[in-house]
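*Asks:* Sequence lines, in order, name chains A and B.
Reminder that position 32 of the first sequence reads as 32 in my numbering, one-by-one numbering, no gaps.
Reminder that position 75 of the second sequence reads as 184 in my numbering, one-by-one numbering, no gaps.
Think of the hints as simulated: they come from the structure by calculation, not from any bench.
Any given hint could turn out to be false.
Claimed, not checked - Cross-link-like lysine-lysine pairs, in silico, PhoX-like; alpha carbons within 25 Å at most:
#  : chain 1 : residue 1 : chain 2 : residue 2
1  : A       : K68       : A       : K26
2  : A       : K68       : A       : K101
3  : B       : K166      : A       : K101
4  : A       : K59       : A       : K26
5  : A       : K96       : A       : K37
6  : B       : K166      : A       : K96
7  : A       : K50       : A       : K26
8  : B       : K166      : A       : K50
9  : A       : K96       : A       : K26
10 : A       : K59       : A       : K37
11 : A       : K101      : A       : K37
12 : A       : K101      : A       : K50
13 : B       : K166      : A       : K26
14 : A       : K37       : B       : K118
15 : A       : K68       : A       : K50
To be verified - For each label pair, taking beta carbons as the anchor points, the in silico distance ranges come out as:
#  : chain 1 : residue 1 : chain 2 : residue 2 : range
16 : A       : Q8        : B       : N168      : 17 to 25 Å
17 : A       : A77       : B       : G125      : 49 to 57 Å
18 : A       : N65       : B       : S188      : 38 to 46 Å
All values derive from a computational prediction rather than experimental measurement.
Glycine is no exception: its CB is placed at the ideal position from the N, C-alpha and C atoms.
This is what each chain is made of:
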Amino acid sequence: QQPVQSPQAVILREGEDAVINCSSSKALYSVHWYRQKHGEAPVFLMILLKGGEQKGHDKISASFNEKKQQSSLYLTASQLSYSGTYFCGTESVRYKLTFGKGTLLTVNP
Amino acid sequence: DSGVTQTPKHLITATGQRVTLRCSPRSGDLSVYWYQQSLDQGLQFLIQYYNGEERAKGNILERFSAQQFPDLHSELNLSSLELGDSALYFCASSVDLATDTQYFGPGTRLTVL
Numbered sequence: 001q002q003p004v005q006s007p008q009a010v011i012l013r014e015g016e017d018a019v020i021n022c023s024s025s026k027a028l029y030s031v032h033w034y035r036q037k038h039g040e041a042p043v044f045l046m047i048l049l050k051g052g053e054q055k056g057h058d059k060i061s062a063s064f065n066e067k068k069q070q071s072s073l074y075l076t077a078s079q080l081s082y083s084g085t086y087f088c089g090t091e092s093v094r095y096k097l098t099f100g101k102g103t104l105l106t107v108n109p
Numbered sequence: 110d111s112g113v114t115q116t117p118k119h120l121i122t123a124t125g126q127r128v129t130l131r132c133s134p135r136s137g138d139l140s141v142y143w144y145q146q147s148l149d150q151g152l153q154f155l156i157q158y159y160n161g162e163e164r165a166k167g168n169i170l171e172r173f174s175a176q177q178f179p180d181l182h183s184e185l186n187l188s189s190l191e192l193g194d195s196a197l198y199f200c201a202s203s204v205d206l207a208t209d210t211q212y213f214g215p216g217t218r219l220t221v222l
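Taking the hints into account, I'd like the entire structure generated from these sequences.
*Replies:* Shown next as structure tokens:
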């Protein structure tokens, strides 16, 4: 079952914040977040494991609500380099990632 | 550069043909994953190998098969190709568990005419 990502697209000005959500109908072992720029391979951002721990990585952080099977990716003080498509991948069956359709983030000067 | 290499970069072939895509994982990584990315299907997990053994299977067609060799490189074989098989095929590797970071290779773009 594919996780649902929202919003589908978001446009920001440099310095603004954004939140991308990922929701699953199944119990999850983990949630993975990736960013993919046009014509390039996905690049790992972070993994969140069962336990609801919030993780951070520079100005990008994420949380995982185990009860709701939802994860959110927080991008603060966005930079031009944040532009790309963000995918969440959920692991409801061990070792098998199922990806959402992606959220296209555009950061303008 | 993720350290994962894939060859070839581009592949153009005809319907009904068979192709082999190759992936070399990062040094020290035991797990290899194959993904397919197309406009209509998005990013889909195909199959995972760990140290030569198949560990997990996703949406992989019966016409597709994969293996991981003793030197840990992996090959994805696609046969009886159809137009709908045209896609980007990514390989990723990780040290061990699925909860480890997966590093993606640059991908192989397959075009079936």
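*Asks:* Hint by hint, note whether the structure agrees.
*Replies:* Now for the hints, and whether the structure bears them out:
no. : hint                       : verdict
1   : A/K68 x A/K26              : holds (9 Å)
2   : A/K68 x A/K101             : holds (20 Å)
3   : B/K166 x A/K101            : holds (20 Å)
4   : A/K59 x A/K26              : violated (29 Å)
5   : A/K96 x A/K37              : holds (23 Å)
6   : B/K166 x A/K96             : holds (7 Å)
7   : A/K50 x A/K26              : holds (13 Å)
8   : B/K166 x A/K50             : holds (22 Å)
9   : A/K96 x A/K26              : holds (13 Å)
10  : A/K59 x A/K37              : holds (18 Å)
11  : A/K101 x A/K37             : holds (14 Å)
12  : A/K101 x A/K50             : holds (22 Å)
13  : B/K166 x A/K26             : holds (18 Å)
14  : A/K37 x B/K118             : holds (17 Å)
15  : A/K68 x A/K50              : holds (12 Å)
16  : A/Q8 x B/N168: 17 to 25 Å  : holds (22 Å)
17  : A/A77 x B/G125: 49 to 57 Å : holds (53 Å)
18  : A/N65 x B/S188: 38 to 46 Å : holds (43 Å)
Going down the numbered hints, you'll see the structure goes against just number 4.
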